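Novice: Here are the chains, one letter per residue:
2 protein chains.
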Amino acid sequence: MPKLVDHEARRRELAQAVWRVVQRDGVERASVRAVAAESGWSAGALRHYFPTQDALLHFAMDLAAEKFTERARALDEHGVPPQEHSAPWRVRRLLTTLLPLDADSKVSAEVWMAFVTRARVDPVLRAAGRKGDELIAEWLLDRLRDAAEEGILRTGADPVREALRLLALTDGLALHGLITPEAMPPELMVQLLEDHLREVFPGRDLST
Amino acid sequence: MPKLVDHEARRRELAQAVWRVVQRDGVERASVRAVAAESGWSAGALRHYFPTQDALLHFAMDLAAEKFTERARALDEHGVPPQEHSAPWRVRRLLTTLLPLDADSKVSAEVWMAFVTRARVDPVLRAAGRKGDELIAEWLLDRLRDAAEEGILRTGADPVREALRLLALTDGLALHGLITPEAMPPELMVQLLEDHLREVFPGRDLST
Numbered sequence: 001m002p003k004l005v006d007h008e009a010r011r012r013e014l015a016q017a018v019w020r021v022v023q024r025d026g027v028e029r030a031s032v033r034a035v036a037a038e039s040g041w042s043a044g045a046l047r048h049y050f051p052t053q054d055a056l057l058h059f060a061m062d063l064a065a066e067k068f069t070e071r072a073r074a075l076d077e078h079g080v081p082p083q084e085h086s087a088p089w090r091v092r093r094l095l096t097t098l099l100p101l102d103a104d105s106k107v108s109a110e111v112w113m114a115f116v117t118r119a120r121v122d123p124v125l126r127a128a129g130r131k132g133d134e135l136i137a138e139w140l141l142d143r144l145r146d147a148a149e150e151g152i153l154r155t156g157a158d159p160v161r162e163a164l165r166l167l168a169l170t171d172g173l174a175l176h177g178l179i180t181p182e183a184m185p186p187e188l189m190v191q192l193l194e195d196h197l198r199e200v201f202p203g204r205d206l207s208t
Numbered sequence: 001m002p003k004l005v006d007h008e009a010r011r012r013e014l015a016q017a018v019w020r021v022v023q024r025d026g027v028e029r030a031s032v033r034a035v036a037a038e039s040g041w042s043a044g045a046l047r048h049y050f051p052t053q054d055a056l057l058h059f060a061m062d063l064a065a066e067k068f069t070e071r072a073r074a075l076d077e078h079g080v081p082p083q084e085h086s087a088p089w090r091v092r093r094l095l096t097t098l099l100p101l102d103a104d105s106k107v108s109a110e111v112w113m114a115f116v117t118r119a120r121v122d123p124v125l126r127a128a129g130r131k132g133d134e135l136i137a138e139w140l141l142d143r144l145r146d147a148a149e150e151g152i153l154r155t156g157a158d159p160v161r162e163a164l165r166l167l168a169l170t171d172g173l174a175l176h177g178l179i180t181p182e183a184m185p186p187e188l189m190v191q192l193l194e195d196h197l198r199e200v201f202p203g204r205d206l207s208t
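Chains as they are written, first to last, in the UniProt record's numbering: chain A, 1 to 208; chain B, 1 to 208.
Among the hints, erroneous ones may be present.
[Said to hold, decoys possible] Label-pair ranges, simulated between beta-carbon atoms:
#1 A:R24 <-> B:K131: 26 to 36 Å
#2 A:T155 <-> B:S207: 38 to 48 Å
#3 A:T155 <-> B:D25: 32 to 42 Å
#4 B:E28 <-> A:E138: 24 to 34 Å
#5 A:D158 <-> B:T69: 47 to 57 Å
#6 A:Q191 <-> B:H7: 27 to 37 Å
#7 A:D142 <-> B:T208: 18 to 28 Å
#8 B:H7 <-> A:P181: 31 to 41 Å
#9 A:G156 <-> B:R47: 25 to 35 Å
[To be verified] With a straight-line Cα cutoff of 27 Å, these simulated BS3-like cross-link-like pairs (lysine-lysine) come out:
#10 B:K67 <-> B:K106
#11 B:K131 <-> A:K106
#12 A:K131 <-> B:K131
Calculated from the structure, these hints are not laboratory results. Values in this document were obtained by computation on a predicted structure and should not be read as measured data. No residue lacks a Cβ here, since even glycine has one placed at the ideal position from N, Cα and C.
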């Protein structure tokens, strides 16, 4: 029988090693060598996946995007899918998914910050990062437009400007939560985001 | 007569060279060698000021803080000092001073972003950066408490939470303005900040 290599399984195995290395050492120190030590693979085998340090960062960014999508689409605690909830609930779910609230989302936020920093001087990385940002911005704008049509958006609010402000606020909270976690712990990030959402959707319950 | 060296003048001369290099090449590529070429100083003379690359970043951060303070304290277009204005005007002035709206404030924002990224793995840089952040946060909180006493803060608003949200929003806007200036141009940053300030200080004129 021919020897079959399950590429998807190998990729998943590697992904977990990359994630553990970033979580333990920080993305700045996540080298091909560290991933080799963590995964038990040879540096040579890893070169196939990561010819450069940027390729490793790119791989980590793809993982962060996958984990983000997984968390954003997860069923609620009663097994109900997000799209059966109200616009305010869905917006709250999506934006809290961007915050560094637990171990996994902290790694995601750290990878994102390293990525945007590097992307400023690297057009290829920048194009890849923009794609994800634009998808999130469009999704959010659709929800706010739905809310405006339903009459649950604050009177006189412009969905485009509300969406941009919400994303800037969320990224600012994530930045503070990442840089000064002692001054901006997870509960405070969520509280400040909810303060804002209650003004965007006056009198609406964010929890259903 | 003994040979006197005007250290302050030399420092200013050097500061201008550092600023031009960051503006032209980005902070990532602002090396001691590039500053030497720009200033006409020898690399050896520069080692006195910048023994390491981090010392160069530290110097640039001090410059950014000086320029920020200068802009924040500048008289208005009628020659009136900021402290004779209303709390809403002063808050608007301070926060727009943090945004990358022109060449100088773009360099400041870029240096700040490089600094906070590096500070995550460097306790000395982190302590220096925290100091500035804390001063701004305290100043803002004082203005919001004044506004609450005057009865011009939105009814029921908590000055502490409003201050933290405003700073997160401002840093998020600055981040977007820096990373994706085509999607977040200066006018839009200011507009979104003003949208927010009009909700913090309902019915107040931000321009006087």
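Novice: Report the numbers of all earlier hints that the structure fails to satisfy, in ascending order.
Specialist: 2, 3, 5, 6, 7, 9, 12
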